[in-house]
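Can you make the complete structure from the sequences, with help from the hints?
Listed below, chain by chain, are the residues.
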Amino acid sequence: MILALFSILAALLFAPFLFGVINRTKALFAGRTGQPLLQMYYDLYKLGNKGVVYSHTISWVFRVYPVLALAGMLLVLLLLPQGGHVALLAGPGDLFALAYILALVRFFNVIAALDTGSSFEGMGASREVQFSALAEIAFLLGLCTLACVTGSYSLSGIYTQLSYSAWLAHGAVFLLIAIAFFIVFLAENARIPVDDPNTHLELTMIHEVMILDSSGPDLAFLHYASALKFWILGSLLIGLLFPIHTGYGLIDVAFAWLGLLVLAVSVGIVESIMARLRLLRVPQLLVSASVFSFVALIFLLR
Amino acid sequence: MTLFLAGLAVIVCAGTLSLLTQSFHRLSMIAGGLGVSVGSAIWVIPACQSLFQNKTLAVQWAWGIPQGSLILEIDPLSAFFLLPIAILSALAALYAMGYLRGHKNAVGAHWFFYSLLAGGMALVVTARNGLLFLIAWELMSVASYFLVTFEDEEPGVIEAGRTYLIATHIGTAFLFVLFVLLGQESGSLDFAHFTLPHASPWWAGTLFLLALIGFGTKAGLVPLHVWLPEAHPAAPSHVSALMSGVMIKTGIYGILRILPYIGTPPAWWGMLLIGLGLLSGLFGILSALAQTDIKRALAYSSVENIGIIALGLGIFLIGQAAGAPLVALLGLAGALLHVLNHACFKGLLFLGAGSVLHGTGTKNMERLGGLMKTMPWTGTLFTLGALAISALPPFNGFLSEWLIYLGALHGQDLNTASLIIPLFLGIAGLALIGGLALACFTKLVGIVFLGEPRDPKVHAHETHILMRLPMLLLAAGCLAIGLAAPWVQALLQPVLADSLGLAPDVVSAQLQPATAWLAYLPWLALGLFSLMAVLTALRWVLLRKRTIAQAGTWDCGYTRPTARMQYSGSAFSQPILLYVQRILQKGNLRIPQGFLPTAASWNEEAADPVQRFLVRPVYECLVWSTAKLRWIQHGRLQWYVLYIALTLVVLLIWKFR
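Order-wise, the sequence lines are chains A and B.
Add 2 to the 1-based position in the first sequence for my numbering, that's all there is to it.
Add 307 to the 1-based position in the second sequence for my numbering, that's all there is to it.
It should be emphasised that the hints constitute simulated quantities derived from the structure, not laboratory data.
Check each hint, because a few of them may be wrong.
[Stated by the list, open to error] Distance ranges between label pairs, derived from CB positions:
id	chain 1	residue 1	chain 2	residue 2	range
1	B	CYS355	A	LEU40	56 to 62 Å
2	B	ARG853	A	TYR44	16 to 22 Å
3	A	ILE275	B	GLN900	46 to 52 Å
4	B	ARG853	A	LEU205	28 to 34 Å
5	A	TRP169	B	ASP720	21 to 27 Å
6	B	ALA724	A	LYS48	54 to 60 Å
7	A	TRP62	B	SER908	35 to 41 Å
8	A	TYR166	B	ALA724	22 to 28 Å
9	B	ARG853	A	ALA171	55 to 61 Å
10	B	ASP720	A	TYR44	48 to 54 Å
11	B	VAL841	A	VAL297	40 to 46 Å
12	B	GLN888	A	VAL297	25 to 31 Å
Beta carbons are placed, not taken as given, at the ideal position from N, Cα and C, and that holds for glycine.
Right, here's the structure in full:
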């Protein structure tokens, strides 16, 4: 209980730091010094102290979205087992709730983008719904296969029972699911090869273009929410890759954070060595993630 | 039971009165509308009595028709279907009073058939005699046919009505055979006396397929759905709400009612239903995405939701076949709850689409936009309905899909790969359907209600309070069922116990631990709302001394952006439909030709592949071959009498041979 609260607090404090790590990694690869590691915190502070500009076109949807996005991510943290420990609101079937709360945020993300009446934001919204629908299969099927391996029905059940001995028994299954999760993780967090967070052309963006008209505290909320989403989906991947259970709660949680740092570095590496895929190729990548999840299931049941 | 009959009497009297006073528009309207709403609201009481006190109410009369007696009965299963029929009939009738105000046609006939439809549906779910069931079934189908063709001055309505009438009768033909076969052995058409004619699995399978085709046509399972996207857009919106919300569910009811009489299900029934469910779900939602007509999109989304219900039923059957009561319970609970939920949100959405049509004069979403400002009530309520149908927490759709997911996930207990794979494919399919439903409903909300108006010729106005109130109640219902998650199980318990033949306490002992997590759901919703309140307050504090400026939407440097530059609905769904374009859409390309290029154009429209490649060729074949027999029909009465006499003689010879 205290450990779970502690994990949530840590997520709230450290999530923006991971973006600093990614940027530093990319800077090192490019031979630059790069932004300070704490740049995102400065950005959030700066945005929080700014005024806001609203379009003439918007309705209540656009104003509700930033608030709902952050609130939704905070709720998901209550369901998230971190460091192999039981989450606050754990129970059979919570994995579907996690996926659908993320979908609730996405729904508002998309209609808030359409609310501005901008063709660019409409374009981003259209791509978002296409990619996320495909990513959903890989994600849920992967989680359910993990549930099948561990004989449990909840996220906390899955992640407390994953261990290296289970890796020895079901290595292929776990590896395939980890690959699927990594693809979903990159797609859902709008990273290369699916989306480029640093692009400067609205026509090519997905996530960034959908928040083009947000400003001030609204934008701060949205940036913070996307940092939390990175933390949440990253934790699900790290919990699978590094299932370290030492018996000391704090040490396990510390390992999970370390894992997230490693993940941030590897995202930085992927972004440095890969180009973005053509938009028409992205669905193929996501379908292949679903196929990985499905093959994992077949391996398990063979 | 007296209350049920009283409600039926009130409805039929109100409908008849409205028909008789048809020349006095106002009187006819009030008599019909109020009478039908009050009459169907009365049904809520016996339905709740049966559901909450787990009672079976029944009446029985002898009647002159051979084979059985006139039996009406409300057991928990009937009550569970009667409840949405009662609520939605009442609310849609209220809505119709606003919708038909100032309608140029006389409304008496409308109310008469509306009352017959409501009464017919109620009789279908309470009848316990095969013949009575079929009579009620026909009453319901024919009454709804007249309602579909109510606005017959609009183009295409007559054809849509005809498609519906033919399809529904083809379905009924299969039901005739089903009931005759079921009644054959026992010599009685009373449900209670039904016995299996032969205990062989082939017979049971045949009966199951007959039921699936007969009831599946009404429910709109692919590929039997062809009438659905034709009839729903043609009907007045409150009738679409009633047909889509509850009438097509009588097909689901029929399957559930008949299942116990045709024996224990083998696993392939479940797999077939899961397959049909996934097919209907994917096909329905992709077709919905391809539409530009709001009501047609909603009609296809009904096909999708029937698919989800069929998926739940498939999980139920697999659970029963494998002897895993928990899987069966969760699947059936999800399917049943989705029936109730779909009545709530699809009713709401169709009423919302009706308000859009009423307020703007068009249901083509490419001409709409920005209605949230001119129709704030309709827009907000429609958005809530869209959230609910996309199965997003804390609304009710999430609850039923969650139960179905959990049922499939519990498939891992079965330890048989050949059963786990279909169940887990169900999970994967439902995940994809959910993602596509999100795409479809963000499109509907975003294109119709948000952004800028696309067509300056469309002038929108908010609708009458009588049209908003039923929508408000339905939206409240969607949220209330979602928030009541921990208690909904109690509502389902008697139905589940009856259908599985278990004791109610066994059911709750099985379900309680498996669905314990639902207790958190109201707290999650409360947490969501309070976090949103806190964050809104935080934003207010942060912005207190700052400027809140208004400006145009960021236009990337264009000097004269217009509303026509917005993303259109077709553009929004195009990337998803790219892969199924050849199947779902029909395009018309005209390329420039010659040395001085002529005009070029490209248009595409959604076209149902089942209609195009299956139904139409068969229909044309039939028309061609029956045209050869037209000489029999010449309009001379004596000859017709001779035909009848000859037929009787042949029948007599056959009987005494």
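We went through each hint and held it up to the structure:
no. : hint                            : verdict
1   : CYS355/B / LEU40/A: 56 to 62 Å  : holds (60 Å)
2   : ARG853/B / TYR44/A: 16 to 22 Å  : holds (18 Å)
3   : ILE275/A / GLN900/B: 46 to 52 Å : holds (49 Å)
4   : ARG853/B / LEU205/A: 28 to 34 Å : holds (32 Å)
5   : TRP169/A / ASP720/B: 21 to 27 Å : holds (24 Å)
6   : ALA724/B / LYS48/A: 54 to 60 Å  : holds (56 Å)
7   : TRP62/A / SER908/B: 35 to 41 Å  : holds (39 Å)
8   : TYR166/A / ALA724/B: 22 to 28 Å : holds (26 Å)
9   : ARG853/B / ALA171/A: 55 to 61 Å : holds (58 Å)
10  : ASP720/B / TYR44/A: 48 to 54 Å  : holds (52 Å)
11  : VAL841/B / VAL297/A: 40 to 46 Å : holds (44 Å)
12  : GLN888/B / VAL297/A: 25 to 31 Å : holds (28 Å)
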